[in-house]
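There are 8 protein chains.
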Amino acid sequence: MNIDDIVVSKLIFDRFAEKFKDSMEVDVAIAGAGPAGLTAARYLAKAGKKVVIFERKLSPGGGMWGGGMTFPTIIVQEQSKDVLEETGIKIRDEGEGYYSADSIESTVKLCASAIDAGATLLNAISVEDVLIKGKKVNGFVINWSSIEIAGLHVDPLSVRARYCIDATGHAAEVCRIVQRKVGKLNTPSGKIEEEKSMCAEIGEQTVVENTGEVYPGLFVTGMAANAVYGAPRMGPIFGGMLLSGKKAAEMILKKL
Amino acid sequence: MNIDDIVVSKLIFDRFAEKFKDSMEVDVAIAGAGPAGLTAARYLAKAGKKVVIFERKLSPGGGMWGGGMTFPTIIVQEQSKDVLEETGIKIRDEGEGYYSADSIESTVKLCASAIDAGATLLNAISVEDVLIKGKKVNGFVINWSSIEIAGLHVDPLSVRARYCIDATGHAAEVCRIVQRKVGKLNTPSGKIEEEKSMCAEIGEQTVVENTGEVYPGLFVTGMAANAVYGAPRMGPIFGGMLLSGKKAAEMILKKL
Amino acid sequence: MNIDDIVVSKLIFDRFAEKFKDSMEVDVAIAGAGPAGLTAARYLAKAGKKVVIFERKLSPGGGMWGGGMTFPTIIVQEQSKDVLEETGIKIRDEGEGYYSADSIESTVKLCASAIDAGATLLNAISVEDVLIKGKKVNGFVINWSSIEIAGLHVDPLSVRARYCIDATGHAAEVCRIVQRKVGKLNTPSGKIEEEKSMCAEIGEQTVVENTGEVYPGLFVTGMAANAVYGAPRMGPIFGGMLLSGKKAAEMILKKL
Amino acid sequence: MNIDDIVVSKLIFDRFAEKFKDSMEVDVAIAGAGPAGLTAARYLAKAGKKVVIFERKLSPGGGMWGGGMTFPTIIVQEQSKDVLEETGIKIRDEGEGYYSADSIESTVKLCASAIDAGATLLNAISVEDVLIKGKKVNGFVINWSSIEIAGLHVDPLSVRARYCIDATGHAAEVCRIVQRKVGKLNTPSGKIEEEKSMCAEIGEQTVVENTGEVYPGLFVTGMAANAVYGAPRMGPIFGGMLLSGKKAAEMILKKL
Amino acid sequence: MNIDDIVVSKLIFDRFAEKFKDSMEVDVAIAGAGPAGLTAARYLAKAGKKVVIFERKLSPGGGMWGGGMTFPTIIVQEQSKDVLEETGIKIRDEGEGYYSADSIESTVKLCASAIDAGATLLNAISVEDVLIKGKKVNGFVINWSSIEIAGLHVDPLSVRARYCIDATGHAAEVCRIVQRKVGKLNTPSGKIEEEKSMCAEIGEQTVVENTGEVYPGLFVTGMAANAVYGAPRMGPIFGGMLLSGKKAAEMILKKL
Amino acid sequence: MNIDDIVVSKLIFDRFAEKFKDSMEVDVAIAGAGPAGLTAARYLAKAGKKVVIFERKLSPGGGMWGGGMTFPTIIVQEQSKDVLEETGIKIRDEGEGYYSADSIESTVKLCASAIDAGATLLNAISVEDVLIKGKKVNGFVINWSSIEIAGLHVDPLSVRARYCIDATGHAAEVCRIVQRKVGKLNTPSGKIEEEKSMCAEIGEQTVVENTGEVYPGLFVTGMAANAVYGAPRMGPIFGGMLLSGKKAAEMILKKL
Amino acid sequence: MNIDDIVVSKLIFDRFAEKFKDSMEVDVAIAGAGPAGLTAARYLAKAGKKVVIFERKLSPGGGMWGGGMTFPTIIVQEQSKDVLEETGIKIRDEGEGYYSADSIESTVKLCASAIDAGATLLNAISVEDVLIKGKKVNGFVINWSSIEIAGLHVDPLSVRARYCIDATGHAAEVCRIVQRKVGKLNTPSGKIEEEKSMCAEIGEQTVVENTGEVYPGLFVTGMAANAVYGAPRMGPIFGGMLLSGKKAAEMILKKL
Amino acid sequence: MNIDDIVVSKLIFDRFAEKFKDSMEVDVAIAGAGPAGLTAARYLAKAGKKVVIFERKLSPGGGMWGGGMTFPTIIVQEQSKDVLEETGIKIRDEGEGYYSADSIESTVKLCASAIDAGATLLNAISVEDVLIKGKKVNGFVINWSSIEIAGLHVDPLSVRARYCIDATGHAAEVCRIVQRKVGKLNTPSGKIEEEKSMCAEIGEQTVVENTGEVYPGLFVTGMAANAVYGAPRMGPIFGGMLLSGKKAAEMILKKL
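Protein chains in written order, with my numbering: chain A, 1 to 256; chain B, 1 to 256; chain C, 1 to 256; chain D, 1 to 256; chain E, 1 to 256; chain F, 1 to 256; chain G, 1 to 256; chain H, 1 to 256.
Derived from the structure by calculation, the hints contain no laboratory data.
Among these hints, one or two may not hold up.
Estimated spans, in silico, between C-beta atoms of each pair [to be verified]:
#1 Lys184(D) x Lys191(A): 18 to 28 Å
#2 His170(G) x Gly88(F): 46 to 56 Å
#3 Gly151(H) x Gly183(F): 47 to 57 Å
#4 Glu194(B) x Met1(C): 49 to 59 Å
#5 Ala171(H) x Asn2(E): 25 to 35 Å
#6 Asn2(E) x Lys254(H): 29 to 39 Å
#7 Glu78(A) x Gly190(D): 56 to 66 Å
#8 Glu209(E) x Lys21(F): 26 to 36 Å
#9 Gly183(D) x Glu250(F): 31 to 41 Å
It should be emphasised that the depicted structure is a prediction, and the values quoted were computed from it without experimental measurement.
For glycine and all other residues, C-beta sits at the position ideal for the given N, C-alpha and C.
Kindly generate the complete structure, drawing on both the sequences and the hints.
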């Protein structure tokens with residue numbers, strides 16, 4: 001078969017154009033394709049919602065690839081095992097309620113299952129601001145992340161979403177923007193309380209409790225939830241993250 | 001359930017220790033977890049061989065994540081469609097023998113299927129040299145890639161493999177080391193000929209033809225094959241890459 | 001009037017999609033929007049040809065903005081005065097055949113007149129390779145220049161052109177790629193001879209003489225022409241550059 | 001004709017010396033050659049005033065070159081269409097009150113029309129401070145921007161202006177200097193309120209309303225006006241910017 | 001004798017695995033292998049306690065190597081002479097109560113004697129957080145320091161210790177983490193007071209006085225003690241540092 | 001004559017050792033060899049005092065070398081003309097009380113005359129802290145500035161002085177250290193008030209008025225004086241600087 | 001007296017304009033204001049010739065400021081003592097034909113005496129190329145060095161000189177340009193032979209012998225002479241440098 | 001006891017002055033304080049020779065601190081065990097002729113034993129050139145390494161040695177200087193052959209064989225020996241290194 005470079009180029013651009021334009025008006029827009037964001041996307045898409053994830057890097061997965069100290073294993077507990085297992089990840093029973101899995105396998109399968117469920121994932125794109133209408137976040141303001149890295153002065157574009165999710169991990173980037181540019185968050189202090197020192201036992205529990213709507217239209221999930229509400233970090237145990245992503249999806253589904 | 005951070009830490013290290021020690025003597029060691037390396041690993045592992053891939057970055061996938069110009073789509077042709085499809089990737093028929101797929105879905109599923117087939121993937125590790133015995137490459141010399149980036153002066157460790165594969169893409173990093181430190185490659189000039197300008201039509205064909213044993217014990221696959229033999233590059237069309245990975249696996253299986 | 005951010009975003013993307021797809025098959029593709037490239041584009045577009053210029057930076061103009069040592073004035077001679085004047089640039093007669101103009105005005109008006117003539121100018125895009133078919137350059141391989149700056153590993157796309165022009169100035173970037181990856185250039189040594197020391201008197205003359213087809217399908221113009229043929233540089237006198245751009249256009253028009 | 005490099009050098013320096021000395025006492029000095037600054041300059045110069053713009057970069061245009069996400073198109077609305085059109089920019093009616101234009105064409109023609117109107121534009125020069133007399137800004141303190149980038153320790157020079165305009169965009173650089181080194185601004189808090197999240201609908205309106213004298217002798221225009229008064233940003237829609245530049249000119253003309 | 005690279009690699013990893021796992025539950029964990037940390041480790045290990053020091057750099061020694069201004073000598077006083085001398089360091093009596101020693105010899109012998117006493121020293125590892133249980137620091141959260149330098153996003157692991165010591169010098173890194181993420185320190189202000197200007201006379205005395213438990217479970221020693229309590233720095237005189245390390249050991253021994 | 005490299009090396013070190021040890025106990029230590037510091041040193045040394053200047057860079061001169069915008073001329077007024085002229089600098093009368101001089105000639109001759117008067121100048125040395133005894137600054141804490149630039153962790157040494165002068169220009173580095181680490185300065189707010197916007201008329205006057213003892217044992221002179229007391233900067237006019245240096249010398253001479 | 005910032009600015013620019021234009025046609029242009037360049041300038045200017053030195057840095061002096069290892073002393077021998085002494089530098093007789101001097105005093109007085117003799121010194125300007133006419137260097141091509149550091153793309157200007165001197169030290173920058181862009185140098189190999197290892201005894205002698213016309217119109221002096229002819233370096237002994245500068249002046253004076 | 005900062009400073013400088021001057025004429029000067037350099041120094045000093053080691057970093061130890069991949073263990077073989085053991089390092093018998101030791105303990109004790117034997121170690125000093133007399137290396141040309149890192153232009157000083165040793169590891173820095181600036185090395189090609197790929201078995205043997213006089217007056221030891229003669233590298237096994245250091249000492253002792 002003859003291959004024409006220009007046909008290849010056009011096809012690639014056409015598929016992007018379709019996907020990109022289609023992502024400009026969605027039910028839910030998610031910032032960050034780490035474990036919590038991918039899990040939320042999976043459950044939302046499974047329920048038939050139109051979901052787009054914007055990921056700053058070329059690769060999704062957030063902090064999950066490296067396990068702990070680049071020893072590529074993650075741990076989950078009894079209660080979150082199912083959320084992982086239904087994506088086809090092989091899990092090893094380590095006894096006393098601990099389960100281990102390969103961190104790379106976990107990352108790629110969480111991502112694959114979100115896509116299989118129907119979510120759209122656009123990479124190399126940063127969420128640099130939110131779209132505000134009245135006192136509600138109603139979308140993201142996006143740009144190529146390479147533009148940011150290169151330090152070029154270029155305006156962004158905007159996408160509209162009925163609900164937005166900040167799944168940017170510890171940085172809680174979207175919440176930080178909202179706090180600085182929009183107004184008070186729904187936290188005791190009205191501000192981001194910042195992540196506390198490591199304590200898996202407490203952190204695993206609070207990350208689920210703290211998952212929720214932190215400003216009208218904006219939900220927070222995963223490590224970002226603990227960061228926003230000042231709860232402890234948890235290290236390379238990912239059960240709470242996954243349950244938090246699931247919970248964010250369920251809360252939004254009730255509203256949509 | 002109570003979660004103990006130290007139990008988590010120990011479990012993670014134990015799983016790594018097992019995997020790492022086990023990777024020190026393998027049938028095939030592959031440098032680079034791009035599409036060609038992952039495909040080779042899949043077919044080798046499926047055939048029951050012990051395979052380890054060392055990937056310099058935290059995330060596998062090489063240059064596949066970004067499609068073309070960060071428009072996240074890839075194109076494959078008729079003859080390579082099956083290699084992609086058997087991993088569960090959704091493919092769209094674009095007519096005239098062209099098929100498109102989401103570049104992110106393709107990357108994560110190529111990776112997942114290599115792992116499912118039984119290959120081990122160790123990330124954040126660089127291949128900084130080869131192990132030489134007589135006139136044969138018989139393993140890799142590895143180090144944490146963060147050590148490299150941080151510019152620290154730390155010695156590497158070694159792993160033994162019956163066959164090694166250079167799947168490091170355009171850079172052809174392992175071949176370059178062998179050329180500089182070991183001796184002549186099995187190319188017309190005895191040297192790396194360097195990748196030529198873009199021409200998908202020719203490049204797609206040569207990448208399969210050039211796949212092979214470039215020095216005793218060392219195979220080359222994917223874009224590295226075209227780079228070593230001075231053939232054209234192909235852009236975001238990945239059919240040849242996949243077929244090249246498959247061919248490398250088949251050639252080595254005959255020898256093992 | 002109500003303004004909807006999403007309508008704005010969609011309109012902008014649609015206009016780009018149109019322009020970008022349309023630029024994938026053109027009569028003439030030009031690398032570099034400096035004075036020579038813009039002048040060539042102007043005359044080609046005026047003659048009804050489909051022309052696209054790819055400029056690496058956000059702003060066109062090359063080395064013209066700063067005049068000499070950031071003293072923003074340029075000088076032209078008698079014979080090139082017309083090429084400048086027909087774009088509406090105000091010229092001051094300095095006597096003895098020298099004419100001066102504001103360097104900023106000159107840059108913006110050269111650019112405006114190329115666009116008015118019908119040329120398309122796409123910025124923030126790098127030409128990273130050429131498309132080769134047989135022994136002829138038949139297009140450019142392009143990528144976002146921010147991708148390059150950010151050091152991301154992302155494949156490029158390709159555009160087809162009946163003729164290509166290297167107007168990248170001293171660097172002669174496209175010629176350099178062709179020399180390294182394709183074959184011998186049409187110069188005495190077959191290689192790029194590199195720019196010589198400053199001598200406006202000779203350089204102004206040679207830049208026009210050296211303008212031409214340096215490899216089948218690839219023309220060279222402006223400072224790149226002097227660099228390729230080893231002629232002197234000229235400093236902030238731009239007459240030869242403009243005449244060279246005009247000559248390149250005329251030579252290609254004869255072939256189209 | 002013989003060309004003498006030294007004659008060229010002397011002519012260039014002489015033209016600069018003339019222009020530079022002449023710019024040391026002006027009616028209006030503008031910091032920043034983005035769309036608002038260029039528009040203000042155009043209307044002021046048209047009215048016969050002596051105007052100089054200092055632009056930090058080699059190229060004017062600010063954030064306009066890249067359209068949105070480097071898709072080189074801008075949008076304007078009904079009410080600002082004229083301000084754009086009178087510079088000769090081709091505008092496309094997109095319906096429902098939206099008009100699109102090529103972002104590169106828009107930038108070069110806004111610049112050309114300011115120069116044609118009689119404004120002087122000096123590039124590669126930073127405004128690093130203001131000149132204060134009593135409680136009035138009465139000029140700028142300038143330096144080569146390359147000196148800043150190179151981190152050299154070199155004193156600046158000063159220029160006197162009856163009125164100054166801060167058209168430095170989001171950074172509101174001049175206002176920031178005045179706030180830090182001189183005193184309270186004419187804003188509710190007396191400080192810069194910082195730009196709010198994206199909302200074109202509101203931002204387009206406020207950018208015109210906020211245009212005005214923010215400290216005796218210092219006007220603010222364009223995105224800087226929204227930044228100073230804490231109004232939303234607008235993305236790649238430039239109508240408000242242009243109207244703001246025009247309004248700044250009109251307000252100053254009444255005072256001169 | 002035949003040497004097998006893989007046997008070498010396995011042995012090295014096995015020794016590390018042993019040491020690393022064994023360090024995950026200790027009596028005392030020390031951050032920083034400078035003179036105070038090494039001295040504390042020596043006395044604790046001598047007393048039969050299980051001690052691990054985590055050092056961020058490849059080499060221990062902190063700021064001791066360079067003496068003053070890279071003139072490699074240190075000074076100690078009468079009362080701390082013994083602490084130095086018992087490690088075998090050659091000391092020169094300079095009269096009036098001053099003793100000098102080679103700074104390099106001092107560093108290596110302080111380190112050697114801590115190891116000889118039974119302390120474990122793990123290098124290239126950063127303490128990036130503390131482990132908190134209730135209101136007590138009960139361990140460190142560690143990561144490869146190359147991961148930090150390389151800016152990779154990778155989770156840490158945790159180690160448990162009955163008592164922790166911050167011996168990180170002026171930076172008082174662990175105390176700073178506790179202050180920011182956990183709660184009030186046991187200082188007059190509840191915060192780190194920051195090191196004061198140089199005054200050896202006072203600083204030498206306060207560094208011993210300030211040594212102690214600054215938060216439940218966390219002791220501070222050496223320059224970190226002066227930094228936390230706002231006492232003066234002392235320059236290249238190390239007597240107080242050594243006595244502070246000894247005192248920290250003695251205080252903890254009473255508690256264990 | 002035979003030249004022996006080792007004799008050369010020894011002579012150079014011996015001269016340094018003499019000068020360095022001799023500088024460890026002085027009447028006046030000055031931080032910064034700009035115009036104010038050099039002038040103060042000249043008058044102090046002329047009066048027979050033992051003076052040492054520590055200059056962070058290899059070359060003295062501070063911000064004087066570049067004149068204004070690297071146009072190498074400085075301006076002085078009537079009243080400061082003598083201070084300049086007595087060093088042998090050629091001065092041109094520009095009328096109306098303005099005098100100009102070559103900025104390079106001025107810098108080298110100010111430096112030469114301080115050395116001729118008997119001051120010692122040690123370059124490549126930073127003042128990184130002060131020596132405190134009771135509530136008086138009684139010396140500087142110094143280090144090689146290359147150590148600072150190289151980011152090495154090396155302790156400093158100390159020098160004792162009856163009086164210290166901060167002549168570090170706008171940065172007012174020593175005052176900043178005293179404010180942060182020692183206590184309140186003798187300014188209205190007790191803090192550094194920070195330099196104000198440009199106004200030569202006022203700044204020239206205040207720089208002399210503000211010269212004085214800003215903390216027991218520490219004088220401030222030159223641009224540092226205006227920075228500490230919140231007075232305007234003056235640009236490339238150096239009269240006030242010189243008079244300030246002279247005044248600082250006179251004030252200290254009364255105390256010695 | 002009232003001081004007007006704008007009068008100051010204008011005076012400074014006027015003096016520069018005068019000096020800069022006057023430097024565009026000279027008898028001798030020197031690249032580099034180190035000890036050899038300054039000495040050559042002194043003798044040429046003394047003989048009534050029009051001389052300009054272009055110095056890349058803000059401060060002249062080259063490698064002389066730091067003595068050896070930043071121990072600020074230099075050594076000269078018997079035969080070169082006079083060349084130093086006639087500038088008023090204090091010299092100490094160290095016996096056996098060695099003389100020492102303060103390296104800072106030496107630098108400033110060499111510079112002062114060149115200026116006093118009538119040479120013009122322009123700082124912050126780089127020589128980036130030579131002006132060629134036929135087979136003779138007849139001037140320099142200059143640019144602001146900050147432009148170079150900032151990486152801006154700006155054309156240079158040219159100055160004409162009857163003779164040029166490369167006094168750029170080890171780098172032999174001008175000779176390197178001539179070798180690369182113009183043709184063969186007057187050395188045994190026709191190329192720059194590169195500086196050899198340290199040997200003061202030989203280097204001191206060859207630096208004078210190698211001083212001379214290395215290409216028609218271009219002289220080389222100081223360390224550049226040894227670098228071009230492959231002679232040894234000499235360390236912080238400066239006698240040969242000074243004699244070389246004097247010799248270059250004498251050779252050119254015979255030709256003028 | 002009262003502590004006087006100035007007394008401390010003076011003592012430190014005096015000790016350095018003594019040691020530094022004393023190091024300017026030695027029997028043997030060694031570049032690099034890694035395992036081979038330290039071992040050579042130990043045996044030379046033990047034999048009563050005057051030895052100085054110059055180490056570029058603040059800490060000695062070279063590549064030994066990190067063991068393999070920062071797993072801090074090293075391996076030695078039977079024949080080199082004694083060389084390690086006599087320094088007091090604890091060694092563990094791993095069977096089959098392999099012995100392991102803690103890499104940190106090994107580094108500090110190798111260093112301590114070299115100092116105890118009487119060698120002088122000066123840190124933070126780079127060897128930037130050699131001293132040449134006739135056709136013999138007779139010393140090193142040294143500089144502060146911080147000067148190098150900071151990029152300052154400062155001349156070095158020189159030290160004389162009867163014999164010099166290049167113990168700079170893989171880089172073979174001194175040999176590289178000699179090759180480039182002095183003449184042919186005593187290798188088959190007369191050049192540095194560059195280190196080959198990993199093979200401990202061969203490398204361990206050749207490193208001892210290759211130890212020797214590579215240019216009159218210059219010996220090479222440790223990894224530098226393998227690099228110079230093109231032999232394999234060995235990874236974290238250090239037996240050969242130590243034997244090589246010992247051999248270098250023995251060869252030189254025969255000549256002294």
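Here is what the structure says about each hint:
1. Lys184(D) x Lys191(A): 18 to 28 Å: 26 Å, holds
2. His170(G) x Gly88(F): 46 to 56 Å: 33 Å, violated
3. Gly151(H) x Gly183(F): 47 to 57 Å: 37 Å, violated
4. Glu194(B) x Met1(C): 49 to 59 Å: 57 Å, holds
5. Ala171(H) x Asn2(E): 25 to 35 Å: 29 Å, holds
6. Asn2(E) x Lys254(H): 29 to 39 Å: Since the Cβ atoms of Asn2(E) and Lys254(H) sit about 32 Å apart, the hinted range of 29 to 39 Å holds.
7. Glu78(A) x Gly190(D): 56 to 66 Å: 58 Å, holds
8. Glu209(E) x Lys21(F): 26 to 36 Å: At 33 Å between Cβs, range holds.
9. Gly183(D) x Glu250(F): 31 to 41 Å: Since the Cβ atoms of Gly183(D) and Glu250(F) sit about 34 Å apart, the hinted range of 31 to 41 Å holds.
Hints 2, 3 from the earlier list are contradicted by this structure; the remaining hints agree with it.
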